[in-house]
Amino acid sequence: MPPVNLATQVVQMLAGALLLISFAMLAERRSRRLLFLLVWQGVVLVASTVLVAASAHLTHLYYSAALTLLLKVCVLPLVLFRLMRKLGIERDNEPLVNVPTLMLVGLCLVIFSFGLAQPVSALATTVLRKTLGIAIAVILLSFLMILARRKAFTQVIGFLSLENGLFFAATTTTYGMPMVVELGMALDLLVAVFIFGIFFFHIREQFDSLDLDQLESLKED
Amino acid sequence: MNAIAYVWQVSECLLAIALAPLFAGWVGQCRAWLQNRSAPPLWQPYRVLRKLFHKDAALATHASWLFRLAPYVVFSTMVVAAAIIPSVTTDLPLARVADAIALVGLFATGRVFIALAAMDIGTAFGSMGARREMMIGFLAEPALLMVLFSAFMTHGSTALPEMVEGLLSQPHIVLHPSLFFAGVAFVMVLLAENARLPVDNPATHLELTMIHEAMILEYSARHLALLEWASWLKLFNYACIGFALFVPWGIALHGVGVGLLTLAIAALLVKLVVAGAALALFETLSAKLRLFRAPEFLTMAFLLAVLGLLVYLLLGA
Amino acid sequence: MNVVSALTTTTPLTALLVLVSAWLLIGALGLIQPNRIGWVARTLFPLGALIALGMAGMGAMSLTTGFVAQSSALALGLPDMPFHVRLDALSGFFLLLLGSAGAGISVFAAGYFRQGEGTAPGLLCLQYHVFLASMAMVVLADDAYLFMVAWETMALSSYFLVVTQHRIPEIRRAGFLYLLMAHVGALGILLSFGVLQGGSWQMTFDAMRAAHLTPAWASAAFALALFGFGAKAGLVPLHVWLPEAHPAAPSPVSAMMSGLMLKVGVYGLLRVSWDLLHAGPWWWGLLTLGLGLGTALYGAIFAAVQTDMKRLLAYSSIENIGLIFAGIGLALLCRSFDMRLLAALALAAALIHAFNHAFFKSLLFLVTGSVMHATGERSLGKLGGLIRYMPWVAALALIGSLAIAGLPPLNGFVSEWLLLQAFLQTPRIPHAFLNMIVPLGVALVALTAALAGYVMVKFYGVIFLGQPREQALGKAHDAGWLERLGLSWLALGCVLIGVFPQVALDVVGRITLQLVGTTVQRGPSPWWMTPITSSQTSYSGLWLWVGLLLVIGATFVLVRRVYHGRVRRTPPWDCGYPWQTPRMQDSSEGFGQPIRHLFGPVFRMQRELPKPSDSKPNYRVLVQEHLWHQLYLPLARLVQRTAERVTILQGGRLSTYLLYSFMTLILLLVWVL
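If you read the sequences in order, they're chains A, D and B. The working numbering applies: residue 88 is where the first sequence begins, and numbers increase by one. The working numbering applies: residue 1471 is where the second sequence begins, and numbers increase by one. The working numbering applies: residue 44 is where the third sequence begins, and numbers increase by one.
Among the hints, a few may not be true.
From the structure, some residues in chain D lie toward chain A, with a derived Cβ separation under 8 Å [as the list claims (entries may be wrong)]:
id, residue
1, 1647
2, 1650
3, 1651
4, 1654
5, 1657
6, 1678
7, 1679
8, 1683
9, 1731
10, 1735
11, 1773
12, 1774
13, 1776
14, 1777
15, 1780
16, 1785
In case anyone wonders, no lab produced these hints; they're calculated from the structure. Beta carbons: idealized from backbone N, C-alpha and C, even for Gly.
Given these sequences and hints, build the entire structure.
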């Protein structure tokens, strides 16, 4: 194996960590720890963005790293944390499918996403093209998490994790999105979380629970 | 192979046998400190052994030959396993006899014998312990194998000394994301296989939750001593496998002098001290899982290890 | 012509044919005094075992270096279609397997069969030896005609053996299912041969080797062969007959079916896919590999929840067949990418596993026979503690159980080790997707092997350890000397292959040389295995034995020397609970509970739970396969319904039938015009 430069290796390592965190999220039952995992995911994301920025000498990536740090590591988790406190939803929430099965499906998704990334990453020019597969896997795993949970709160965390995956895909394969897009997305996220927060309260007022199974009663027969 | 290698082989084996109770004593001491209890002395396990070896053995009336044979077999598998794990040097003639797969096989042999012995007396606890041990074993064993295979993929050999040499002789620092996964999985397997929290509690006879202790309930005196020693050796072996796979620095390579070997022993001791403290800390921080959750915990370990393998195949690192 | 010159001029092939006829003769001799045990069991069966040994010897001879394949046409068969026979390394290996494991089974059978077990012993002797002879003929056949004749004889003779106790309705049902599946499988094989002849309408294997098939036809032939031989070998989902038929048969017959007949199925697939067909596309390999791995895991999971000891072993056979097929699949996959060395390694693993399985599975089935004779029980829930009453059988069963669990330093470990090594080399497959997927198979192999350990602890622990679950078990007696001899022979095989794995590797090296064109790397001595390179992998069964025994001995001596060996016998402690009863031990259902819990959706479970108010609580759980209800029963209903439609034609009046004939005649005449 030819020696690969250290920055690339570290980014690959971080990509691995990202995947690991995604799997941990899939397996985690407690909302509070799920939130911590989300913070960790943000930290890893920031670290990898900074590294990519440093190795490719791209200043705009530094900005997006700072933005990520601010938004995904500080603001959003804080907001969610307070929401969690207020709503009192720290206890366990059991996934719809049992965890090992979920992880097995996740494993298949990883294989699938690497198959998906193969033709694309062959075209990508950056040294980091192998990480595209992981990025797609993170996205799909987050989607899986959203599917498998029944609490609205965990689904929001899944949604944020999904966005993290998208962001990672963008930084590692094409050195990030244009700043405008990134800012727009950041704003979207912020707004989305606030709207979710408002929804939470409404859902709870309506059904006395954040369990989304309750929404089934809205269906008209 | 020269004669020196055999000398080192035997002395490494003896070192493992001698150090294993000490390591267990250290973990126990750390746990006690962390839990604000007054700690037993470091050499408490040796005292336990001495006491047990001096006692009269009490055997159940209908215990069969298998029951009396099992402690010797279990102890021997752990000793042979210690002989093929490069903890101090990679100059091990026996390591060529049995590679990493055979190592897992040896652990499995030990487990099967102890489980069979537990069923021999025919008590409720014995067979319950055997069933639980096998349940943990059948998930932990492939998980350990997958961890070792991740290491194989990165170093291209199933012989443990070759893996260590492969890692130590790399000119550049190479990071392996696959080993990252493997490392997490390995820690989970280590906890489960050595009857540690959160899967089992080594310090309890709380009847309905015990696993390992339930199997050795009927043993006493020298048989119990051998089994206790074997379980400490197992913990020691697992720690050494972990060192060899993930932090091999310090292990002496082929054909080096006494000075470096002393250094290697010192490095091993330092690693053991750190690992023991970390283990105690982790055990103190975690709560015991419900038994139904144990398979889930291990399935996760297994899938993580498989994921490590997959990540290696995908990233090539 | 005197005897000496006759012996020097006979070739192994002729000798083999003589041995096969001798088997048939022995079978026929059994009919002279069909009810005299002294004649049938004590005389004829040992003779049959001797012949089996001779056959093993001839098989071994064909595996020596410098042996050239021999073939000849017999003066038997149809006028224009004589039977062709051929002895090459592949058939030699399977004859070795058949003879060596068969000898042990026959010796055991000599002590096992007794009066009053349904079919008369003499008739049983005939069926038994016809079964053996037909298996040998399948392996020796060199044309599709003889192959199919021998194949059907094998199926029929084993059917009669399965329904030995034909007065029991369940056994008749199991036999019928077996016969049905055997014929469906045979149909697949027949069609496969039909495709293989490639338009030449020559039924000899030589013609088939020379035939050039288009890729599509070759794939069709392969798929049909996989179906046919898979049905015989017990590949999921064609395995349903296996857990029914194996337990129904008397134990030596179960041992033969599981240890030998399944291997004949493996032989058939090898013959067709490696010898008659040429290298095919990679999906052949992937299909076989996937089916094999799935079968292995499926068998292991179901074995863990069985409550009947012979059913447990039957499912364990399915698991082992899965591993063998996985090896073959991997080899096929590697062949399609022209990775010869790896193909040789995988094939060697599969063949050695087949050999090992013949030994340890026969051993365990025979053990169940001894246990059933001693206790009259086959349900695990009513056994226990037999180690104290049947020490010989228990000790030999322990060897078999450890071997089948794949534990070092016995033989099961050797083949699993080779298979794992083969899987570890698969990232080098030059295909972007396969090199990702195939290496993950190693996880399934590892999981299966570990589950096998679980199953065997359950099997051994529940039967031989603990306290007897029934009063009557206290009267159990150890097996007779002939039974012990048979068991010891098989156990010895398990140990020897574990000690000298390289010998086994050398032997199958002849086959890989014939089929793949290369062998794996030779170890430096008979007790070292280094199949890839010596720095990458090495294993030495002998030195591991020596190491383990030395340490055990040293520990024993030291403990005895340094400290006194006083032992006090007391009642069991069990946390101070004195009212222990045997019913408090784990039952076989209890021991399988974690597996039922973990793999819940795989099983179709019917459970009766006791209510809290029950004064005599009763717990019952029935575990079945989904396959049976979701595939086979709908299929059976479909066949039934179609048949009912067709019965409209069957009016019952003779003139209607004559009308059918007349119409057919007219139609044909019109067609000719």
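So, going through the hints one by one against the coordinates:
no.	hint	verdict
1	1647	holds, 3 Å
2	1650	holds, 5 Å
3	1651	holds, 6 Å
4	1654	holds, 7 Å
5	1657	violated, 13 Å
6	1678	violated, 22 Å
7	1679	violated, 20 Å
8	1683	violated, 27 Å
9	1731	violated, 31 Å
10	1735	violated, 31 Å
11	1773	holds, 5 Å
12	1774	holds, 7 Å
13	1776	holds, 6 Å
14	1777	holds, 6 Å
15	1780	holds, 6 Å
16	1785	holds, 5 Å
Consistency with the previously given hints fails for numbers 5, 6, 7, 8, 9 and 10, ordered from lowest to highest.
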